Amino acid sequence: MKRYIRKNILELEPYSTARDEFQGGDISVWLDANESPYPNGVNRYPDPHQKRLKERVSQLTGVAPESIFIGGAGSDEAIDVIFRVFCTPGKDNVIAIAPSYGVYKVAAAVNDIEIREVLLNEDYSLPAERLLAAADENTKVMWICSPNNPTGNAFPKEEILSLAAKFDGIVVVDEAYADFSEKGSLLSEIGKVKNLIVLRTFSKAWGMAGLRAGMAFSLPEINEYFGRVKYPYNMSSMIQEELMRRIEEGTSDHIPEIVSERNRMAKALEKAGCVGRVYPSDANFLLVKVKDADALYGYLIKNGVIVRNRSRMPLCSETLRITIGTPSENDRTISLINEFNNL
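Mapping the sequence shown onto the working numbering, position 98 (from 1) lands on 98, and the numbers just tick up by one.
The set of hints was computed from the structure by calculation and includes no laboratory data.
Some hints could be false.
Stated by the list, open to error - Distance condition first, Cα-Cα at most 27 Å in a straight line; then the derived BS3-like pairs of lysine-lysine:
#1 166 <-> 194
#2 51 <-> 192
#3 51 <-> 2
#4 192 <-> 7
#5 105 <-> 166
#6 54 <-> 2
#7 105 <-> 7
#8 2 <-> 166
#9 105 <-> 157
#10 2 <-> 91
#11 166 <-> 183
#12 192 <-> 157
#13 267 <-> 291
#14 7 <-> 166
#15 302 <-> 291
#16 289 <-> 302
#17 183 <-> 267
#18 271 <-> 291
#19 194 <-> 105
#20 54 <-> 194
#21 2 <-> 192
#22 105 <-> 289
#23 302 <-> 271
#24 194 <-> 91
#25 271 <-> 289
#26 302 <-> 267
#27 183 <-> 157
#28 194 <-> 7
#29 289 <-> 267
#30 2 <-> 157
#31 289 <-> 183
#32 166 <-> 192
#33 166 <-> 91
As the list claims (entries may be wrong) - Restraint-style ranges between C-beta atoms, simulated for each label pair:
#34 254 <-> 35: 32 to 40 Å
#35 159 <-> 271: 31 to 39 Å
#36 21 <-> 302: 57 to 65 Å
#37 33 <-> 12: 17 to 25 Å
#38 10 <-> 295: 50 to 58 Å
#39 58 <-> 207: 16 to 24 Å
The structure presented is a predicted model; accordingly, all values stated were derived computationally and were not measured.
We put the CB at the ideal spot given by N, CA and C, even for glycine.
All chains should be modelled from the sequences, with the hints used to inform the complete structure.
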């Protein structure tokens, strides 16, 4: 794996925190980190390695703690760290499917990395051969969002694994919406497929978007370099504790209800005269092709409902992306779309 990692990152001496140097013992006086000695609940630095949280995530996922990276800003910190570990600015490039999650493109620009976007097939299926053909000797990473945002479809695991076997670089599979899909996850392949990284988030199925926490799962030797590159205390103690508390509470019955509502809403929207197509979805949203996306978007906003207009994205002309809400919110949205149709 070291041949994929930037030379300067291989040689990087990570910042050593005061807590890194602590090897155990019965300590009652903490004078090592220049903290305030006056207790207020947050006067001490957090665990820079989130050990307890990683142990709990390991229990949930079956992935060993040493293969887990936890970062802030949802999955976005992990996305940025991947660029910084593998891609040399001004030299290397990455490949991404299009349309897809916009942060890959933004992070590439921030890190001065060329991004080569490959259009999905017309039916939003994975263009495997074209993805491989876009690579050259400076291509380090391939980004695949599955289920994909905004199209909503998950790609067959066998196709992604085949890509990983043929691609001489790192394949990152962003599974932010995988909990809503019956097509499964690639987490079980961590450790088996050496060039695979899987991203997950607490923002969607877990309902913790406001806490801004995401995960990357990879080989321990890759994860080690993530730890070197990330900023030392990248997650506060309060966020770590709140994540632990909410993990114990679980996701209740929200996932089955969202999937059920997604299916109900898809059937209802298919009957609306202004709707041309509701695309199949493995996520917690629907991509809907309509007759006049700008007009319908404006009408919904005027009546207190906001969706996402995706019409400017490639292969998404005249489409709205509609997140699945509560049953009453979905009823309201369906009613307004039917009203718009009758104007």
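Checking each numbered hint in turn, tell me which of them this model violates, lowest number first.
none
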